[in-house]
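Residue numbers (the UniProt record's numbering): 1 to 163.
Source of the hints: derived by calculation from the structure; they are not laboratory data. Ideal placement from N, C-alpha and C gives every residue a C-beta, glycine not left out. Worth double-checking, as some hints may not be accurate.
To be verified - Quick list of the computed label-pair ranges, beta carbon to beta carbon:
1. Phe115 / Glu147: 28 to 34 Å
2. Leu19 / Ala145: 19 to 25 Å
3. Ala157 / Phe115: 17 to 23 Å
4. Thr158 / Gly79: 29 to 35 Å
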Amino acid sequence: MERAAQDLLSGSALTAFRLNGQYLSVAERLARPAGLTAAWWQVLGAVLHEPLPVAGIARTMGITRQSVQRIADLLVERGLATYEPNPAHRRAKLVTPTEEGRAAVARISPGHAEFASRLAEELGGEAEFAEVLAAQERLATALEALEKKEAREHREATAEHDG
Numbered sequence: 001m002e003r004a005a006q007d008l009l010s011g012s013a014l015t016a017f018r019l020n021g022q023y024l025s026v027a028e029r030l031a032r033p034a035g036l037t038a039a040w041w042q043v044l045g046a047v048l049h050e051p052l053p054v055a056g057i058a059r060t061m062g063i064t065r066q067s068v069q070r071i072a073d074l075l076v077e078r079g080l081a082t083y084e085p086n087p088a089h090r091r092a093k094l095v096t097p098t099e100e101g102r103a104a105v106a107r108i109s110p111g112h113a114e115f116a117s118r119l120a121e122e123l124g125g126e127a128e129f130a131e132v133l134a135a136q137e138r139l140a141t142a143l144e145a146l147e148k149k150e151a152r153e154h155r156e157a158t159a160e161h162d163g
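Using the sequences and the hints given, assemble the complete structure.
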């Protein structure tokens with residue numbers, strides 16, 4: 001069982017890495033006509049529904065805070081986003097899309113919808129696509145649970161050692 005689980009983990013990770021590259025390539029193609037990069041689209045997309053601090057965007061997107069900071073600064077410089085005061089934290093300003101930023105993301109929508117339809121068709125339909133998404137979400141949730149458990153165990157072991 002242990003070897004099979006290792007092979008499954010390796011296969012899953014390699015597939016995720018391949019998917020990441022494929023998604024980034026598709027995102028670049030979709031974002032380019034709107035004057036965005038995939039990374040800019042990713043950060044703007046994270047704040048379309050509610051402003052977030054850079055650290056919150058990084059957590060949501062699974063990328064480093066430093067990367068998000070650089071992208072947010074570029075978006076602000078280009079008038080696609082602004083930094084707004086954060087009532088919860090004086091120093092962690094909220095990234096908010098401007099109307100120009102929202103319009104750029106909206107320009108991606110037709111190509112995004114068309115590609116999503118073609119991908120769903122390639123998978124056998126929307127129901128099959130939903131199954132793929134559900135499996136990905138289960139895997140992400142399981143990995144997060146393990147990370148939290150390991151972090152808790154590490155804190156407890158460190159506290160016992162220091163105490």
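Going down the list of hints, with the structure as the test:
no. : hint                        : in the structure
1   : Phe115 / Glu147: 28 to 34 Å : holds (31 Å)
2   : Leu19 / Ala145: 19 to 25 Å  : holds (21 Å)
3   : Ala157 / Phe115: 17 to 23 Å : violated (47 Å)
4   : Thr158 / Gly79: 29 to 35 Å  : violated (46 Å)
Checked against the numbered hints listed earlier, the structure breaks hints 3 and 4; every other hint is satisfied.
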